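Visitor: Here's the letter readout for the chains.
2 protein chains.
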Amino acid sequence: MAPKTFKSVAEQDRYYKSLAPTFPYLNEPTASRDRDVLLVRAEQPFNAEPRLPQLVEHMVTPVTRFFKRNHGPIPTLDPANYTLTIQVVDGPTTVWRLDQLQMQFDTHEVMAAVQCAGNRRDGLNRVNKVKGVIWGPGTISNAVWSGVKLRDVLVASGVPADPAHSTYQQWHVDFKAYGLSAEDECYGSSVFASKALNPHEDVLLAFKMNGQVLPRDHGYPCRVIVPGVIGARSVKWLRTVTVQPHESLSFYQRRDYKVLPPQANATNLALYWDTISALQAMNVQSVICEPTEDSPRPLDNQPYTIKGYAISGGGCRIDRVDVSLDNGKTWLVARLFRPVSSSAARRNPELNDLPTTKHWAWTLWACQVESGIPKNAVLVCRAWDANGNTQPSEPTWNYRGVMNNSWFKVDIAKCPAALLTKAHM
Amino acid sequence: MAPKTFKSVAEQDRYYKSLAPTFPYLNEPTASRDRDVLLVRAEQPFNAEPRLPQLVEHMVTPVTRFFKRNHGPIPTLDPANYTLTIQVVDGPTTVWRLDQLQMQFDTHEVMAAVQCAGNRRDGLNRVNKVKGVIWGPGTISNAVWSGVKLRDVLVASGVPADPAHSTYQQWHVDFKAYGLSAEDECYGSSVFASKALNPHEDVLLAFKMNGQVLPRDHGYPCRVIVPGVIGARSVKWLRTVTVQPHESLSFYQRRDYKVLPPQANATNLALYWDTISALQAMNVQSVICEPTEDSPRPLDNQPYTIKGYAISGGGCRIDRVDVSLDNGKTWLVARLFRPVSSSAARRNPELNDLPTTKHWAWTLWACQVESGIPKNAVLVCRAWDANGNTQPSEPTWNYRGVMNNSWFKVDIAKCPAALLTKAHM
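Chains A and B, in that order, give the protein sequences. Counting from 1, one number per residue, gives the positions in the first sequence under full-length UniProt numbering. Counting from 1, one number per residue, gives the positions in the second sequence under full-length UniProt numbering.
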């Protein structure tokens, strides 16, 4: 199986443009978009991320601060008429109403960070121009999702429950969304069946975040949450789920969200698409959120606490975050703040001291510098995960500007002068 | 649960030494150890690795070239009297004879690389002295293992077959070996139950490698193979398997095989043990095997093929290997040689074109340089895995010298003059 092929990128662009009408952005949930909190990167489709200091004020990101990533207008779905169709190739098709999904399966709650693969795209765009929304380091947020396990619904829809069945080995679970999308007939993606069907991978059909009904911007009334994996796979406004022997044919699986090699560019990228994996789990990442180069410069003779976030993919634990004041010559070790992230541990607090297999949430960190931050400091952070992976010191450019996890730096000399200094003037 | 605690490292050392008698190394399989092929790093226990050019001559490493890592004398086990005891905490205990294990369960074959967490320890020892056998970059090998699935035997021994059972979420599967070990009562380790009990994680009780009965050095008559995970968890000469609610208490799980932070040293390391995860999956790794700094310098006007290996952890695919001739300033992209590594794909060759979820084998790579290798070249390689992880440019020291995956370099100026040049003299 292969997606539609084209003789040139120009032909492909023409094809996808022919699918994509001029979208009506007439019913956007504008009232729920707080422009004091969000930095808007694009208006149509709406794409926005929170400022970094506000992002790490809470372990669980308030809904209003959660980044928003869209590929088209926000669909308007009526929950009374909402249906989710589940198809199994060479098997049954089942149409579920929302109340059936909510009432016929056990509820599960999972704390999980969602991160866009394009987080920190701005860093690669500074190396060389990239294609895509130029995101800063704020397209990550952490929420408590509640809903039902996708596995449970798939088994009730005719997927074999036995994990030794061959479906679990090589098959894929394909998601398609309601609504229009800029680059394909609709938004779509797939994950490995071994992920979607494993009850301990905590893949949810989510109806709520942080206890609230999902806002329209986040997939109302029903979205997928695939913990540990790039946000692109957690499809919003879920319309169909297909259990099939091949990856999604969507543009967003086969053409986008891949780390193309550096020689791939707008004229030759078709040569590389099929040789590179569609991204699933995230790489190891960390970012300094306080101070930023936009916020007042820390006083150089006052204790200061550097703060940030860290995450790795596939539920892998963050074991350590190092912080440097001298551009990576010497390092301090940050204090880590880890929530209990697995749903089992959340239900059984006495399990907290056991090594948890899955760390879906982010880890926040803080590094207290008693002597103050020197005026000429270049701050750097780097995280280490439980597999021994760490971040590379330098960014390596790729055409789509995804998965930038190079050392995050804050050049203190670039910060505006501190407020206190101004008051003294 | 916690392992035995000590007031000081010296007290711990005394305790473990009291357990470890002066071992009799009287029945070592010396005849099977080819010292023309292996670089011996320690005699008692026997620890040896192959030379790099020979290591990558074959996709499947010949048994004689497979690295050997031991923590004590090689046990002498009689297959007719061999038993494997399987215990489930708060459940049954079952004793299996070898012929029962071999005859009562389906046979599975898995191609998987095994890599010691101490591979490339020499690189960290050059930064600062580390504790451990000073390994080069050859403590990795790739074999076809055959045996039975550990899951099948555990289910037959009373572990619930239902993957939604709580055992799968937080429990651990503990392995103990026959024979004596230098640092504890016996060699031991554990893996997550979610790994051991998932049929698609391909955890085996192996009886053969590359079609041959396991040699004594590699665990005869029965060992565990945990694909995608550091070699320390693939316990040889398996004596007991315990399904339990906590990690192994073994020295090799709780005290060794951890990436301690750089400030941890011989006098304070006890402060850090319990804060750092026991290593499971490997980080992303690649090594140049040809040329080496010990082999004749490539002629600078002749085409030359640089060769090596790459691997990542948890079955994550290697998507790209970059090679530099100028110490990382510019990069070429290597050609990759990937075997079909999952057991399902091996049984069904028509599945080859599908994305395979699990890449247990290593990826070999080659990079042809038509213009020849310049005399002053510094070769570098770095791999990228399907999660977007890559290797750091510089090594970061840790006390036990594990998980060194910094850029691998070959300084051509250090190679002895080429043979042809000598002949011309």
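These aren't lab readings, by the way, just hints derived from the structure by calculation. On a predicted model such as this, the values are computed, not experimentally measured, just so you know. Honestly, I wouldn't trust all of these hints.
25 Å max Cα-Cα, derived SDA-like pairs, lysine to any residue [what the hints assert, rightly or not]:
1) B:K329 <-> B:K131
2) A:K329 <-> B:L269
3) A:K329 <-> B:E183
4) B:K131 <-> A:L332
5) B:K329 <-> A:Y272
6) B:K129 <-> B:K329
7) B:K131 <-> B:L98
Facing chain B, a subset of chain A residues (Cβ under 8 Å, in silico) [said to hold, decoys possible]:
8) N210
9) Q212
10) A417
Backbone N, C-alpha and C define an ideal beta-carbon position, used for all residues, glycine too.
Visitor: Determine for every hint whether it applies to the structure shown.
Guide: Tested hints:
1. B:K329 <-> B:K131: 33 Å, violated
2. A:K329 <-> B:L269: Distance of about 23 Å is within 25 Å: holds.
3. A:K329 <-> B:E183: 36 Å, violated
4. B:K131 <-> A:L332: Cα-Cα ~23 Å, so holds.
5. B:K329 <-> A:Y272: Judged against 25 Å, a Cα distance of about 23 Å means the pair holds.
6. B:K129 <-> B:K329: Status violated; Cα separation ~29 Å.
7. B:K131 <-> B:L98: 37 Å, violated
8. N210: Since the shortest Cβ distance to chain B is 24 Å, the answer is violated.
9. Q212: Hint on A:Q212: violated, closest Cβ of chain B at ~27 Å, above 8 Å.
10. A417: With Cβ-Cβ at 34 Å, over 8 Å, it is violated.
In this structure, the earlier hints numbered 1, 3, 6, 7, 8, 9, 10 are contradicted, and the remaining ones agree with it.
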